[in-house]
Amino acid sequence: MGETTQEPDARQIATEARDRVRFEEEALALSDQVYRVARHLVGSREEAEDLMQETYARAFRSWRSFQPGTNLRAWLLRILTNLNIDRGRRQQRAPDMQPLEEGDYFLYNKLEASGDGVTDEEHVVERLSQNDVVAALSEVPHDFRDVVVLVDIGDFTYADAAQILDIPIGTVMSRLHRGRRILKQAMAESAVGDEAA
Amino acid sequence: MTAYDPCSHCEEVMQPFMDRVLTDVERSEAEAHLEECSYCRKRYRFEANLRQFVRQAVAVEPIPVELKQKLRELRTPLQ
Numbered sequence: 401m402g403e404t405t406q407e408p409d410a411r412q413i414a415t416e417a418r419d420r421v422r423f424e425e426e427a428l429a430l431s432d433q434v435y436r437v438a439r440h441l442v443g444s445r446e447e448a449e450d451l452m453q454e455t456y457a458r459a460f461r462s463w464r465s466f467q468p469g470t471n472l473r474a475w476l477l478r479i480l481t482n483l484n485i486d487r488g489r490r491q492q493r494a495p496d497m498q499p500l501e502e503g504d505y506f507l508y509n510k511l512e513a514s515g516d517g518v519t520d521e522e523h524v525v526e527r528l529s530q531n532d533v534v535a536a537l538s539e540v541p542h543d544f545r546d547v548v549v550l551v552d553i554g555d556f557t558y559a560d561a562a563q564i565l566d567i568p569i570g571t572v573m574s575r576l577h578r579g580r581r582i583l584k585q586a587m588a589e590s591a592v593g594d595e596a597a
Numbered sequence: 002m003t004a005y006d007p008c009s010h011c012e013e014v015m016q017p018f019m020d021r022v023l024t025d026v027e028r029s030e031a032e033a034h035l036e037e038c039s040y041c042r043k044r045y046r047f048e049a050n051l052r053q054f055v056r057q058a059v060a061v062e063p064i065p066v067e068l069k070q071k072l073r074e075l076r077t078p079l080q
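Sequence lines, in order, name chains A and B.
The first sequence runs 401 to 597 under the working numbering.
The second sequence runs 2 to 80 under the working numbering.
Relax, there's no trap hidden among the hints.
One-sided excerpt, in silico: chain A residues whose CB lies under 7 Å from chain B:
id, residue
1, Glu449
2, Tyr505
3, Tyr508
4, Val533
Source of the hints: derived by calculation from the structure; they are not laboratory data.
Think of the CB as a built atom: it goes at the ideal place given N, C-alpha and C, for glycine as much as any other residue.
Given these sequences and hints, build the entire structure.
Laid out in structure tokens, this is it:
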């Protein structure tokens, strides 16, 4: 009788160990993608590397709280953003909501107007340099940049971004809308100069 | 009250259209406008190219090998 009660326990332990190893391998397989997003969410490479280690240490400790079948990459980034806030590196604050007058066509119109007759949309974009984009992204305030990074660079859905940042989906949409416009305005200024302001 | 400007409306819905979050009706309206309006179509193509360009421009170096190794070492030791 004693053996029959111990058997399920042994099986349970083995199953749990197998699930844990699988979880850890799946999480590690995503480290490249998590790092790519993390690099844009935090200030420096060193900070990103520290946070990656803290994130994975916590994830491996609390792997049971991950619900299989849900988005593991989003779950890891949620941990990372929470740790980042805990460290006081980021303060959650109400974003500055000054009106932006420019619409979505602003950047194209600026680039087209300043070009030497080149209006082909394939080539207009080539008037931007990699530096223009990188510099412009760094100018977008954190609250807006986080959402732009998650959705446009990390390929997360609005719902995933809302979960990662712990904000309502409507806030994701409004910050994305505004963040993209700030980014475009900054790219226009970088590529065309002050006349874009 | 201002007159309805289909190009202004298209500009407003351009990003949600590209994010595929419009309703079927809104999406059909946007597609119909893009079909007939070369001004907006040109800007739509630019936006699509721009997204790709931004993604490539900000691509960071891959995760450092040493960091990846450190993460592996954080795994729970097998009993």
